[in-house]
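Q: Residues per chain, in single letters:
4 protein chains.
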Amino acid sequence: MQKNRLEAFSDGVLAIVITVMLLEMKVPSGSSLEGLRPVLPLFLSYVLSFLYVGIYWNNHHHMMHAASTVNGVVLWANLHLLFWLSLLPFVTGWMGENHFAAVPTALYGIVLLCSAVAYILLAYALVAASGADSRLRRALGRDLKGRWSMALYAIGIPLSFAAQWLAQLLYLAVALIWMIPDRRIERVIRDEHH
Amino acid sequence: MQKNRLEAFSDGVLAIVITVMLLEMKVPSGSSLEGLRPVLPLFLSYVLSFLYVGIYWNNHHHMMHAASTVNGVVLWANLHLLFWLSLLPFVTGWMGENHFAAVPTALYGIVLLCSAVAYILLAYALVAASGADSRLRRALGRDLKGRWSMALYAIGIPLSFAAQWLAQLLYLAVALIWMIPDRRIERVIRDEHH
Amino acid sequence: MQKNRLEAFSDGVLAIVITVMLLEMKVPSGSSLEGLRPVLPLFLSYVLSFLYVGIYWNNHHHMMHAASTVNGVVLWANLHLLFWLSLLPFVTGWMGENHFAAVPTALYGIVLLCSAVAYILLAYALVAASGADSRLRRALGRDLKGRWSMALYAIGIPLSFAAQWLAQLLYLAVALIWMIPDRRIERVIRDEHH
Amino acid sequence: MQKNRLEAFSDGVLAIVITVMLLEMKVPSGSSLEGLRPVLPLFLSYVLSFLYVGIYWNNHHHMMHAASTVNGVVLWANLHLLFWLSLLPFVTGWMGENHFAAVPTALYGIVLLCSAVAYILLAYALVAASGADSRLRRALGRDLKGRWSMALYAIGIPLSFAAQWLAQLLYLAVALIWMIPDRRIERVIRDEHH
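Chains as they are written, first to last, in my numbering: chain A, 1037 to 1230; chain B, 1037 to 1230; chain C, 1037 to 1230; chain D, 1037 to 1230.
Do not take every clue at face value.
A pair holds if it fits inside one copy or across any two, identical chains being indistinguishable in the list.
[As the list claims (entries may be wrong)] When the alpha-carbon atoms are kept at most 25 Å apart in a straight line, the in silico SDA-like pairs for lysine to any residue are as follows:
1. Lys1181 x Gly1108
2. Lys1181 x Trp1120
3. Lys1062 x Ile1193
4. Lys1039 x Trp1112
5. Lys1062 x Ser1166
6. Lys1062 x Phe1197
7. Lys1039 x Ile1146
8. Lys1062 x Cys1150
9. Lys1181 x Gln1038
10. Lys1062 x His1116
11. Lys1062 x Leu1149
12. Lys1181 x Val1083
13. Lys1181 x His1116
14. Lys1039 x Met1099
15. Lys1181 x Leu1212
16. Lys1062 x Gly1167
FYI, nobody ran anything at the bench for these hints, they're computed from the structure.
Quantities reported herein were computed from a predicted structural model and do not represent experimental measurements.
Whenever a hint applies, use it, and build me the whole structure from the sequences.
A: Below, the structure is given as C-alpha cells:
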C-alpha cells in the first residue's frame, strides 16, 4: 500500500520532469527550416535528459518492485533522488542554450553525479528497510554498474573544461550502459518464481 | 503490478502533454474579441493535437488492457512512444503560431508518423512478450488501420509544401478514423468473457 | 480496472489544470506590497477557477464511483469534458489580466457552460453504459442542479456585456451551489450498503 | 477505494507543485559561472519549498494511511490544503527573485501558516469522519508539533520586517522539525499490527 503511493508520486514527478523540459524549447519565431537551427542543441540536450529520466524510471521501477517494505528513511531518500532529478530541466536548458559550453556541461555532470549518489542512497535505505538477507539485497549484489557510472561522471565534470564534447560522450556512454535494464534484479525475481 | 505502473506513468506524461500544450496559447494583451484572433490558429492546432493525444491514450488503454505481461523491451518501447508524443506541444505551437505554414505542417506530420511507428513497435514488443498465440496477437490481427494512417502521414509530409491545407485535412481525417475505438480488441476481450 | 485508469487520467489532467493556472500569475518585479496589486485580479480569478476544478473533481469522483462500467463512448465523453476544463487556465488568465472585462467574462462563462454540457453528456454516456435500471440512473434522478446551473451560465454570458460583476456573482453563486456534494449519489450508495 | 483516488489526486498536485516551482528558475543567458549567481537565491528558496512539499507529502501519506474513511467534508478540506500549497511556487519565486526581501518573506510565512491551518482542519475532518475513538484519533493525540509550528510561523511573519534572515531561519527550523516523520502515527500503526 505505502509502496504504491511512493511509486505513484515518483512517477508523477518524473512524468512532469520529462515534459516540462520541453518548455525550455521555445517555439522559433519564423516558419522556415532555418528557424529550427537554434533549437537543435536544446533538442539534443533534451534527448540525452529524456534517456536519463527513462533510465531512472525503469531502474526505480525494478528496484521498488523487488523491495518489500518502505519506511520514513526510504521516503526521504526517494525525495532526495527526486530533488536532483527535478534539477534536470534547468541544467538541460542551460546546457542546450549555450551549445554545450564548458560550465553548463560540468554542472550537468554534477547533477547526474548527485542523482547517481542519491539513487545508491535510496538502494541502501531500501536494503536497510528490507533486511540484509532480503531478495533486494541479493538482487543488487556488488553494484558495479553504479560505481562505474559515478566514476565516469566524476571524470566528465573536470573534462568539460578541457574537451566538452568528450564529457558529453561520457554522459551518453553511461546512459547507453544503463539502458540495458538491471538484469540482476530481473534474474533474482525470475528465480524466486521458479 | 508492473503493468499498472507503466500505465500510470504513461497517463501522467499524456495528461501533462495535453495540458502543457495550452501554455503555448499566450493570453492576449487586449480584452476585445479582436485580441483573440491571433490565438485562433493556435487553438485549432491545439484541438487537433488534443484529438491525437486522446486517441493515443484510448488505444494505449485498450492495448495494455489486452496485454498480459510487460518486460524491459516493452518499457523502452513505451518510453520511445512517449518521447515522440512529448514533442507534440512544440510542433503544435510552432504550427499554430505560423498559421499552418508549410515547414511546421511537415514537421507536425513527421512527429505524427514517428509516433505511429513507435506505437506499432510497442505493439510488436507487447506481442513478443505475451507470445505469438496470445489474446493480444489475435486482437491486433492484420493492423490495416495502422498501416493506412502511416501511409497517409507519409503523403501528408511532402504535400505540406504543395498544399498545406490538404495536409491538415489528411491529419484530421486520420484522427477521425482513429477516434472510432479499436473494435478488434474490444471484440476479442468480449469474446473471451463469453 | 478500466474505470481506474479513466479516473487516474482525469485526476492527472485536473491536477495539472489546477496547478498550471498559477503559472499565469507572473511574479511581480518589485518586492513591495504595491507590486502585488496587479496580481490581485489574477488571484481572484484563480480562486474561482480552483473552486470549479475542485467541484468537477469531487462530482466526477462521486459519479464514477457510482458507475459500474465504462466503454469507448464514455472514454470520449470524458475526454470531451477534460477538453473544456483544460481551457480554464487560458480564460482564467485572460479574465484576470483584464480585470474581469466584458468579453473575457463572457468567454469564461462559455467555457463553464460547455464544461457543464460535457459533464451531462458524460453522465448520459455512463447511464447508457450501465443500463437504465442501474444504480447510477437512480442516483442522478432528475438533474435539477445541472439544469439550473446551465441556465445561470446562459444568463451570465450576455449579462457580462451589461453588468460584468453580476455575471461574476452568478458564476460564484453556481460554484457555491455545487460545493455541496451530490447528496443524491451519496444517498443511493449509502442505501445500497444497508 | 475513495481514499485511493484522493491520495492519487493530492500526489498529482504536489508532484506538479514541486516541479513547476523550478520553472521560475529562468535559464541564465550567459554560460559562465557568474551567470548562475542571480539564480542562487531562487535555488535556495526552491530548496526550502521542496522540503516543505516533501514534508506535507510525507505527513499526508502517513495521516491518510491511518484514516479509515473519507467523506465530502474531507474532500473539500483536502482541496483547501492543496489550494494553499499550490500558491507555494508563486511566493517561492517572488521571495527568491527579491533576495528574501521583507514583504515576500512575510507573504511566504502567511502561505506556510495557512497551509498548516489547512492541514489541521484536514486532520479534524478525518477524525470526525473516522469517529472519536478511531485509530487516527489516538495517533494524532495532542498535536504539539502542529501547534508549535503555527506559533513559529506567526512569529516569523512580523519578524520578516525587522530581521528577514531570522524569519527564514525560523521557517527552516520548522521544516527540519517536521522532517522527522510523524512517529506518533507510525507507532500506533505498528502497535495495531502486534
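Q: A separate judgement is required for each hint: does it hold in the structure or not?
A: Okay, the hints, checked on the actual structure:
Proximity of Lys1181 and Gly1108 under a CA criterion of 25 Å is satisfied inter-copy only: 17 Å between copies versus 27 Å inside one chain copy. Taking the shortest Cα distances, Lys1181 and Trp1120 sit within 25 Å of each other inside one copy (20 Å), while across copies they are farther apart (29 Å). Taking CA atoms no more than 25 Å apart as the test, Lys1062 paired with Ile1193 passes between copies only; the shortest distance there is 23 Å, against 28 Å inside one copy. Taking CA atoms no more than 25 Å apart as the test, Lys1039 paired with Trp1112 passes in both settings, with 13 Å inside one copy and 23 Å between copies.
Taking CA atoms no more than 25 Å apart as the test, Lys1062 paired with Ser1166 passes in neither setting, with 45 Å inside one copy and 41 Å between copies. In this homomeric assembly, Lys1062 and Phe1197 come within 25 Å of each other (Cα to Cα) only across copies, at 24 Å, whereas the closest approach inside a single copy is 28 Å. In this assembly of identical chains, the alpha carbons of Lys1039 and Ile1146 never lie at most 25 Å apart, being 29 Å within a copy and 33 Å across copies at closest. Only between protomers do Lys1062 and Cys1150 lie at most 25 Å apart by alpha-carbon distance; the minimum there is 21 Å, versus 28 Å within a single protomer.
When the C-alpha separation of Lys1181 and Gln1038 is checked against a cutoff of 25 Å, the pair qualifies only between copies, where the shortest distance is 23 Å, while the shortest distance within a copy is 29 Å. In this assembly of identical chains, Lys1062 and His1116 lie within 25 Å of each other by CA distance solely across copies; the values are 22 Å between and 29 Å within a copy. For the homomeric pair Lys1062 and Leu1149, the shortest alpha-carbon distance between copies (23 Å) is at most 25 Å, but the shortest distance inside one copy (28 Å) is not. Only within a single protomer do Lys1181 and Val1083 lie at most 25 Å apart by alpha-carbon distance; the minimum there is 22 Å, versus 30 Å between protomers.
When the C-alpha separation of Lys1181 and His1116 is checked against a cutoff of 25 Å, the pair qualifies both within a copy, at 21 Å, and between copies, at 23 Å. With identical chains, the CA atoms of Lys1039 and Met1099 are at most 25 Å apart both within one copy (11 Å) and between copies (15 Å). Proximity of Lys1181 to Leu1212 under the C-alpha cut-off of 25 Å is restricted to the intra-copy arrangement: shortest distance 12 Å within a copy versus 34 Å between copies. For the homomeric pair Lys1062 and Gly1167, neither the shortest alpha-carbon distance inside one copy (48 Å) nor that between copies (43 Å) is at most 25 Å.
Going down the numbered hints, you'll see the structure goes against 5, 7 and 16, while the others check out.
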